[in-house]
Structure formats: C-alpha cells, structure tokens
Amino acid sequence: MKKNTAQIVEELKLCPDFKTFYERNEDQMVQEELATMLAKLVEEKGLRKSAVFQKAELSDVYGYQIFSGLRHPERKKLLCLAIGMELSPEETQALLKAAGYAPLYAKQPADCIVLYGLYKKLTIPEINTLLYENELETLG
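Here our numbering is used: position 104 in the sequence shown is 104, and no number is missing along the way.
You may find that some hints are simply not true.
What the hints assert, rightly or not - Derived DEER-like restraints, expressed as beta-carbon distance ranges:
#1 37 / 133: 39 to 49 Å
#2 90 / 25: 16 to 26 Å
#3 27 / 138: 36 to 46 Å
#4 75 / 135: 11 to 21 Å
Claimed, not checked - Straight-line alpha carbon distances no greater than 16 Å define the calculated EDC-like cross-link-like pairs of lysine to aspartate or glutamate that follow:
#5 45 / 91
#6 13 / 44
#7 2 / 43
#8 3 / 23
#9 3 / 17
#10 40 / 86
#11 45 / 111
#12 2 / 17
None of these hints come from the bench; they were simulated from the model.
Note that CB positions come from ideal geometry on N, CA and C, so glycine has one too.
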C-alpha cells in the first residue's frame with residue numbers, strides 16, 4: 001500500500017529505531033535517479049536529446065553530462081530542461097522532486113511565472129521576458 005508523506009513522517013516519529021522503520025518503508029522511498037528519469041521522459045515523448053538541449057538553451061556537452069549523471073543541474077537549469085522537453089507542470093514537479101529540489105510554488109512570483117509558462121507551453125525566451133518584466137531573476 002502506498003503511503004503519503006504525512007503517514008511516513010508520522011511512522012518515522014513513532015518508530016523506536018531507524019533500521020526497523022526503513023525495512024518497513026524501503027519500498028515507499030523515492031529511488032529513481034534523475035538521469036534515469038530524464039532518459040525515460042525523452043524516450044516516452046519520442047524526443048531527440050540535441051533538440052531538447054537546443055530548446056532548453058543548454059550546451060550539448062552540459063546536457064549530455066546531466067543525462068549521463070555526471071552533472072547535477074541547478075534548479076533553474078532543470079526547469080529549462082523541463083521546458084525544453086515540453087513537460088506538463090505535473091511532470092516538472094516530479095522531475096524537481098527526483099532531483100531533490102523544492103517543487104514550483106504558485107505563491108512565489110518566479111515559480112508562478114514558470115508554472116504559467118508550463119501551462120501555456122511558452123518558450124524559455126518568453127518565460128524569461130515575463131520574469132524580466134516583473135523584475136525577477138531569469139532562468140538563464
């Protein structure tokens with residue numbers, strides 16, 4: 001049975017030792033690596049990595065390093081990849097989570113603009129323009 005985060009946290013608080021807790025909940029832990037998730041997304045969507053890197057405005061070298069697991073991108077670069085792959089907001093949130101980053105938060109102005117861009121399928125330059133016009137840091 002899949003447990004939500006609150007259930008896992010509650011069990012963690014009450015468990016007498018970590019080993020027992022982990023043995024009971026190992027199957028509940030997020031285990032998919034970022035590189036694996038990216039590869040799956042590209043394959044599922046029938047994309048070419050080079051086209052994704054171009055849309056994401058990332059160099060091919062850096063992009064391939066991310067996809068091979070050699071580099072861990074900062075949150076903004078991961079958002080650029082999500083935009084380059086034309087991921088849904090839900091897929092983008094899962095990607096951020098897999099990378100260990102905070103999800104996009106609609107009450108935070110920059111995140112709100114990125115979410116808007118994901119929903120409207122905007123390009124990075126279009127999203128950056130909105131960020132700039134609102135005096136927020138661009139994606140790069």
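How the hints compare with the structure:
Separation of residue 37 from residue 133 is about 32 Å and departs from the stated range, judged on CB atoms against 39 to 49 Å. At about 24 Å, the CB distance of residue 90 to residue 25 agrees with the hint of 16 to 26 Å. Take residue 27 and residue 138: their Cβ atoms lie about 40 Å apart, and the range 36 to 46 Å holds. At roughly 20 Å, the beta-carbon separation of residue 75 and residue 135 lies within the given 11 to 21 Å, and the hint holds.
About 12 Å separates the Cα atoms of residue 45 and residue 91, which keeps this hinted pair within 16 Å; it holds. Proximity of residue 13 to residue 44 is assessed by CA-CA distance (about 38 Å); at most 16 Å being required, the pair is judged violated. Between residue 2 and residue 43 the alpha-carbon distance is near 26 Å, which puts this suggested pair outside the 16 Å criterion. Straight-line distance between C-alpha atoms of residue 3 and residue 23 comes to about 14 Å, which keeps the hinted pair within the 16 Å bound.
This hinted pair does not check out: residue 3 and residue 17 have alpha carbons roughly 19 Å apart, beyond 16 Å. Taken as a hint, the residue 40 and residue 86 pair is honoured in the structure, with Cα atoms around 14 Å apart against an allowance of 16 Å. Distance hint between residue 45 and residue 111 is unfulfilled; the C-alpha atoms sit about 24 Å from each other, more than 16 Å. With a C-alpha separation of about 21 Å, the suggested pairing of residue 2 with residue 17 is violated against the 16 Å cut-off.
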